Amino acid sequence: GQQLNQSPQSMFIQEGEDVSMNCTSSSIFNTWLWYKQEPGEGPVLLIALYKAGELTSNGRLTAQFGITRKDSFLNISASIPSDVGIYFCAGLHNNDMRFGAGTRLTVKP
Amino acid sequence: EAGVAQSPRYKIIEKRQSVAFWCNPISGHATLYWYQQILGQGPKLLIQFQNNGVVDDSQLPKDRFSAERLKGVDSTLKIQPAKLEDSAVYLCASSLDLGVAFHYTFGSGTRLTVV
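Chains as they are written, first to last, in this note's numbering: chain C, 1 to 109; chain L, 1001 to 1115.
Honestly, the hints are just simulated from the structure, not real lab data. Be aware that a few hints might be false.
Stated by the list, open to error - Residues of chain L clear of chain C, computed beta-carbon distances all greater than 12 Å:
id, residue
1, Arg1009
2, Lys1015
3, Gln1017
4, Val1019
5, Trp1022
6, Ser1027
7, Leu1070
8, Gly1072
As the list claims (entries may be wrong) - Partial list, computed: chain C residues near chain L (C-beta under 7 Å):
id, residue
9, Gly59
10, Pro81
11, Asn95
This one's a predicted model, so the numbers in the text were calculated from it and none came from an experiment. For every residue, glycine included, the Cβ atom is placed at its ideal position computed from N, Cα and C.
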């Protein structure tokens, strides 16, 4: 089946720094999504990307849908303590959504 | 708009016991999903419903897991008998329709511990 490789697995950064994480797949997806999950909660959608090459921002978050349709990245600028959590990429092809293993972000004040 | 409701929030059972989880999706959402999230991993789809019909249950361990959505609204997921490796968070999600990613909303999950 379709496997998503998400990296890095974890990040420890200082408040104010920028963050970048990415997701790659051996298969193409029609839609890429980025979610954030906090302890005890379900994943919450941050950004959805629908076209190859699309670059979309949501506040301090920016994500891009790779031209090959096999990858995506998420950038967080000027990180703040409330950015702490696990970030998941997800790819949707037809009705099948697959998730990466997540990037655990820790922000030190 | 009310979110996806799940209960219970936590459940601890012994291996070989049975357990059931309940999910009430967002009103009007035709598609309902059950995911299993093992600690340190991303969610893995178990079963997908469109109204009261099963769209995909290829990753559901059918020898012990079952799920139903009889009236096309709320759904139950059952494990019988439970194994230690079933310890995980079970997430329910709903969507307006198949493939409508933007409306894909998760509940808070049920954390199952099998001892």
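Distance rule for Trp1022 (chain L), whose beta carbon must clear each one in chain C by more than 12 Å = At about 15 Å from chain C, Trp1022 (chain L) clears the 12 Å cut-off, so the statement holds.
Taking the minimum C-beta separation from Gln1017 (chain L) to chain C, is that value above 12 Å?
-> Its Cβ never comes within 12 Å of chain C, the nearest being 24 Å, so this holds.
12 Å cut-off, C-beta based - Val1019 (chain L) kept clear of every residue in chain C | It holds; Val1019 (chain L) is separated from chain C by about 19 Å at its closest Cβ, greater than 12 Å.
Does the interface hint hold: is Pro81 (chain C) within less than 7 Å of chain L, judged Cβ to Cβ?
-> violated (22 Å)
Taking the minimum C-beta separation from Lys1015 (chain L) to chain C, is that value above 12 Å?
-> It holds; Lys1015 (chain L) is separated from chain C by about 24 Å at its closest Cβ, greater than 12 Å.
When you look at the beta carbon of Gly1072 (chain L), is every beta carbon of chain C farther off than 12 Å?
-> holds (17 Å)
Minimum Cβ distance from Asn95 (chain C) to chain L below 7 Å?
-> holds (5 Å)
Over 12 Å to the closest beta carbon of chain C is the bar; see if Ser1027 (chain L) clears it.
-> Its Cβ never comes within 12 Å of chain C, the nearest being 18 Å, so this holds.
Closest CB-CB distance from Arg1009 (chain L) to chain C, is it above 12 Å?
-> Given a closest Cβ separation of 8 Å, the condition is violated.
Under 7 Å, Cβ to Cβ, is where Gly59 (chain C) needs to be relative to chain L, so tell me if that hint holds or is violated.
-> violated (17 Å)
Distance rule for Leu1070 (chain L), whose beta carbon must clear each one in chain C by more than 12 Å | Leu1070 (chain L) clear of chain C: closest Cβ-Cβ about 21 Å, beyond 12 Å.
Checked against the numbered hints given earlier, this structure breaks hints 1, 9, 10; the rest are met.
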